[in-house]
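Asks: Read off the chains here:
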Amino acid sequence: MRRLGSAASTRAAGWLLVGVCLAAGLVVAGCGGSDSGSNSKGKQLTIGFLYVGPHNDFGYNQAAYQGSLAVKKAFPNAKILEAENVPETAEAERVMEKMIRDGATIIFPTSFGHLGPAMNVAKRHPDVTFLHMGGLQNAPNLGTYFGTIYDTQYAVGQAAGMATKSGKLGYVVAFPIAQTLLNINAFELGARSVNPNAKTYVVFTGSWCDPGKQAEATNSLIDQKIDVMEQHQDCTKTVVQTAERRGVDSTGYHADASTLAPKGWLTGSEWNWGPLMVKMVKTVVEGKFKGSPYSGLYRSGVPSGVIKLAPFGAAATPSIRTEVDKTFAKLKSGWVPFEGPIKDQSGKVVVPAGKTPDRHALESTNYLVQGVVGKIPGGA
Amino acid sequence: MLLQDVLAGTVRSGTSVLFAAEGELISERSGVINLGTEGCMLTGALAGFAVANATGSAVPGVLAAAVAGALLAGVHAFVVITCRANQLASGLAVSFLGLGLTSWLGQHYVDQSIHALNPVDIPGLSSIPFVGPVLFHHDVLTYLGLALGPLIWLFLFRTRAGLILRATGESGNVAFAYGHSPVLVRYLAVMTGGALAAVGGAQLVLAYTLNWVENVTVGRGFVAVALVIFAGWQPLKATLGAFVFGGALALQLQLQARGVDISPFLLNMAPYLLTLAILVVASRGRAQRPPEEIRAVFGTAGA
Numbered sequence: 001m002r003r004l005g006s007a008a009s010t011r012a013a014g015w016l017l018v019g020v021c022l023a024a025g026l027v028v029a030g031c032g033g034s035d036s037g038s039n040s041k042g043k044q045l046t047i048g049f050l051y052v053g054p055h056n057d058f059g060y061n062q063a064a065y066q067g068s069l070a071v072k073k074a075f076p077n078a079k080i081l082e083a084e085n086v087p088e089t090a091e092a093e094r095v096m097e098k099m100i101r102d103g104a105t106i107i108f109p110t111s112f113g114h115l116g117p118a119m120n121v122a123k124r125h126p127d128v129t130f131l132h133m134g135g136l137q138n139a140p141n142l143g144t145y146f147g148t149i150y151d152t153q154y155a156v157g158q159a160a161g162m163a164t165k166s167g168k169l170g171y172v173v174a175f176p177i178a179q180t181l182l183n184i185n186a187f188e189l190g191a192r193s194v195n196p197n198a199k200t201y202v203v204f205t206g207s208w209c210d211p212g213k214q215a216e217a218t219n220s221l222i223d224q225k226i227d228v229m230e231q232h233q234d235c236t237k238t239v240v241q242t243a244e245r246r247g248v249d250s251t252g253y254h255a256d257a258s259t260l261a262p263k264g265w266l267t268g269s270e271w272n273w274g275p276l277m278v279k280m281v282k283t284v285v286e287g288k289f290k291g292s293p294y295s296g297l298y299r300s301g302v303p304s305g306v307i308k309l310a311p312f313g314a315a316a317t318p319s320i321r322t323e324v325d326k327t328f329a330k331l332k333s334g335w336v337p338f339e340g341p342i343k344d345q346s347g348k349v350v351v352p353a354g355k356t357p358d359r360h361a362l363e364s365t366n367y368l369v370q371g372v373v374g375k376i377p378g379g380a
Numbered sequence: 381m382l383l384q385d386v387l388a389g390t391v392r393s394g395t396s397v398l399f400a401a402e403g404e405l406i407s408e409r410s411g412v413i414n415l416g417t418e419g420c421m422l423t424g425a426l427a428g429f430a431v432a433n434a435t436g437s438a439v440p441g442v443l444a445a446a447v448a449g450a451l452l453a454g455v456h457a458f459v460v461i462t463c464r465a466n467q468l469a470s471g472l473a474v475s476f477l478g479l480g481l482t483s484w485l486g487q488h489y490v491d492q493s494i495h496a497l498n499p500v501d502i503p504g505l506s507s508i509p510f511v512g513p514v515l516f517h518h519d520v521l522t523y524l525g526l527a528l529g530p531l532i533w534l535f536l537f538r539t540r541a542g543l544i545l546r547a548t549g550e551s552g553n554v555a556f557a558y559g560h561s562p563v564l565v566r567y568l569a570v571m572t573g574g575a576l577a578a579v580g581g582a583q584l585v586l587a588y589t590l591n592w593v594e595n596v597t598v599g600r601g602f603v604a605v606a607l608v609i610f611a612g613w614q615p616l617k618a619t620l621g622a623f624v625f626g627g628a629l630a631l632q633l634q635l636q637a638r639g640v641d642i643s644p645f646l647l648n649m650a651p652y653l654l655t656l657a658i659l660v661v662a663s664r665g666r667a668q669r670p671p672e673e674i675r676a677v678f679g680t681a682g683a
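Chains A and B are the protein sequences, given in the same order. Going by the working numbering, the first sequence opens with residue 1, and the numbers climb by one from there. Going by the working numbering, the second sequence opens with residue 381, and the numbers climb by one from there.
No lab work stands behind these hints: they were computed from the structure. Each residue gets a CB set at the ideal place from its N, CA and C atoms; glycine is no exception. Just so you know, not all the hints are guaranteed correct.
As the list claims (entries may be wrong) - Here's a subset of chain A near chain B, in silico, CB distances under 10 Å, partners left out:
| # | residue |
| --- | --- |
| 1 | Cys-209 |
| 2 | Gly-212 |
| 3 | Ser-220 |
| 4 | Lys-288 |
| 5 | Ser-292 |
| 6 | Pro-293 |
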């Protein structure tokens, strides 16, 4: 676990061992990998990062990895341990235990599903601080933080709403959970604010990363005259590239994908974890973690710089840029883009006129707003 | 038009499974079941992507995929034919081997791009209404895939080599008595099967997803193995099965894209359910007998 990718390698090597051992008809015993490297229990600050996917996925994990680079830059003497492709299982506990044995006193489990394993490890190691991304639970030595990325999804929706000629926008989504529904809603609200006829067509693939289904979902949507594609899943390249190949615009989520769509890229929502992660590490190192906002359920967005917009692409006209920049300035001053009245798909008012739901209410969103075409199981 | 869109999507999303199923069929017809098909698909996907990335052209990628898939299937062949190990255990091991090897070697290809295999229109045919968009607006591998079932049928049932392959699958000893080496026939069949599965994997990434990610096939290789059994070891039925699977996948996404009011969870199950249902119906009537040597693998000789 000295360098990035070695956890994936360990796991891959594990599969290899399983394969080889089975094939040779051997009993798998003591197939664990041996680790070289010294135990630096000294004063050197050691920080561990866990990613659920590859660090170069043009997505969620890449964004978290960028955060670790900022931490490395801010603490040049710290030792950074990184592990990618860490599943959301007991395997994550083993990786964290190993990092602690290697001297880690701060651990960043960066996937939603790493929370359970992190809670278990946190109980066993009260002197280690855990900073978990995206959770809804905390412990004395475990805080959880997330960015309100739906804020910029509103601005991205505006770009899409202005770019579309058919008035039909496509959204390929992994699963219908609060986080994804919230983003779809913000996107449609943004699109409709500039184009009252804009509709967002949603397709759920049922997987965080199945590029084959993503390709077919994108093709299906484009067959329906959809001319701007947005998405929410872990691996994002296929949708952007399929849209570009079929001559359709795309907006992005998680990371800047403008290089994948030289003609059709508009803009996208992007994470910028670096400054927040640096601040959190500083707080822990100074012994001020307990009682700090980072020890609870911390949420932050555009004003603090955790969320930003990806650079505009070739498809973003000057008027689109002006409108999106205007909205971004509003978001920067703390505006939340869920002002009532908002109706759900059935026409029921979910946010009354003159009201804006607070962050926690938004995080339990279980409806799609009017103008979204698509069905959530058990929903309206 | 829904039907046209679904059928075009059927061909797009069924082709990779089609290659893998026809490859597995050749292997099983020789008497070797290869559960490592998933691993061969992944190997082909990564080899194809890596070589296409390095050379800037998809064609060498496809060739590299075929070679890599044949080699991985060759490991299975060695273990089960030469070392006479259990076919099911070895096949699973080869699947894990393919998954592990490609996850490991593929880490640096996740953020890479390739020049894709783009759809090629066939003059005349592609402009026919309905038929054109469904059948004649695809990449070259898909055209090859459309011809694959009939070609393998011709090979198996109309050529001497096909007869020898089938005879080996029924009884290695009888084939041997007639002067043919069952070992050679099976090695060739298993490695050809692996090569075809790998070309399927390459088609998936080079023509369709345009990207490599860990485990990009997500079980399509196992679907292919199941299809062969449900298709009763018949190449034309295997083609049908692959397209039913692809069609159900395309249909559920097309229905969602049209905002049809059905739970996406139900729709996501549809490809598997529909494929099972249609193949069960298709296999009624005539007895579906596996090659004798395959039957022996499952220890159901009395069935």
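Asks: Can you list which hints this structure breaks, lowest number first?
Replies: 4, 5 and 6
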